[in-house]
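Chemist: Below are the chains, spelled out letter by letter.
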Amino acid sequence: RKEVEQDPGPFNVPEGATVAFNCTYSNSASQSFFWYRQDCRKEPKLLMSVYSSGNEDGRFTAQLNRASQYISLLIRDSKLSDSATYLCVVNWAYSSASKIIFGSGTRLSIRP
Amino acid sequence: DTGVSQNPRHKITKRGQNVTFRCDPISEHNRLYWYRQTLGQGPEFLTYFQNEAQLEKSRLLSDRFSAERPKGSFSTLEIQRTEQGDSAMYLCASSLALGYSTNEKLFFGSGTQLSVL
Numbered sequence: 001r002k003e004v005e006q007d008p009g010p011f012n013v014p015e016g017a018t019v020a021f022n023c024t025y026s027n028s029a030s031q032s033f034f035w036y037r038q039d040c041r042k043e044p045k046l047l048m049s050v051y052s053s054g055n056e057d058g059r060f061t062a063q064l065n066r067a068s069q070y071i072s073l074l075i076r077d078s079k080l081s082d083s084a085t086y087l088c089v090v091n092w093a094y095s096s097a098s099k100i101i102f103g104s105g106t107r108l109s110i111r112p
Numbered sequence: 001d002t003g004v005s006q007n008p009r010h011k012i013t014k015r016g017q018n019v020t021f022r023c024d025p026i027s028e029h030n031r032l033y034w035y036r037q038t039l040g041q042g043p044e045f046l047t048y049f050q051n052e053a054q055l056e057k058s059r060l061l062s063d064r065f066s067a068e069r070p071k072g073s074f075s076t077l078e079i080q081r082t083e084q085g086d087s088a089m090y091l092c093a094s095s096l097a098l099g100y101s102t103n104e105k106l107f108f109g110s111g112t113q114l115s116v117l
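Top to bottom, those sequences are chains A and B.
Quick note: the first sequence uses the working numbering, first residue 1, plus one each step.
Quick note: the second sequence uses the working numbering, first residue 1, plus one each step.
Next comes chain B alone, as it looks inside the complex (with noise of 0.2 Å):
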């Protein structure tokens, strides 16, 4: 399967205890993106990363929450001291665009699903 990759796919977690997800896009493709999705609502943008180089971050995101794609492949997501609002969907996608051209198109991984109690 040479599609985007998310793990794991379920997380259930304790209020206050770190997380971290990991996405393996597109072996190609050398932007990666990370959105959060709840129910009834489209993706929230997160973070977008060009190679290794993290390019935009959305504004909402708190201190909590870090993503790092260290060699420009596979990237991860920590949120820390979670908290109930976090829980949501997860969604890592990838693309393949060249220079500074926004004609993109997304390729999303399955997600995955944390649940903070």
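Just chain A, same shape as in the assembly (with noise of 0.2 Å):
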């Protein structure tokens, strides 16, 4: 089982849609979540962290559910700028190392 398994879309929707990303991660010690986001070529840019209360960025919401052990990002009206592959990141810390691991991506096309 990959430590940390996202939905690979792609996901194709018109502009000013929601949508909705889910990510599951296996390791229960797990402590810090973040989405970043990577377009076409280029290197993964940090959205957003998650908190366990979960948190808002404008159109960008994000979820925690450590019971269940899955992260959640909910995109509102959707903009054509938003088309980008889409990466869950968890961080487990253990002795004293860490490690930080992403998904597989999730791609989000946006049609005008």
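What the simulated footprint calls covered on chain B by chain A, stretch by stretch (three residues with Cβ under 8 Å from a Cβ of chain A suffice, anywhere in the stretch; the number is not a length): (1) 36 to 43; (2) 108 to 117.
Stretch by stretch, here's where chain B covers chain A in the computed footprint (C-beta under 8 Å, at least three residues): (3) 39 to 48; (4) 97 to 111.
Derived by calculation from the structure, the hints in this document are not laboratory data.
Yeah, the Cβ is synthetic: ideal placement off N, Cα and C, and Gly gets one too.
Please assemble the complex out of the two chains, which come individually in their own frames, going by the hints.
Modeler: Following this line, the structure appears as structure tokens:
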């Protein structure tokens, strides 16, 4: 089983739609959670952290369910510029080290 | 430019040759990560350093791969006896993490695209 699993998509939705992605992780000791965005042929960039109580940043809402070990990202009123791959990221610490693991990404394409 | 810098941007090599990549992190960052990414996949963790100490190395990483960060600043990733399966984008990222904190933001370089013929 992969440490972080995502639906690869692609999700193809019209501009203005609401779209949601889910991600599951296998290590219950995971401590920090993030969503990164990666544009075609570019490096990943942090979109937002995910907190236990859920958090919102403009049109983006992230949720964490520790009991079920999944993370979600909701994008409201989607824009053409939201077209990208969204990477779910999990960080767990053990002893004196930590490990940051990326999911395989969910591709999103917004059409006019 | 004070971002993460990687060199070279592209590397084409013949199977069996050795290659070395360099990463210069953001200067005040104490952690440095190496990832490998192939088309349609997310970045795959290879190894990371906290200052000059290599704290974790992926079990998937063969002994042909070695990384160093001798003075806790720049890092090199060497692949010996390259194979066609090593063809990928090699990404470096750095972060500033306090103590054993896991709440760290990664800043990535543009990567080195390796093609093994």
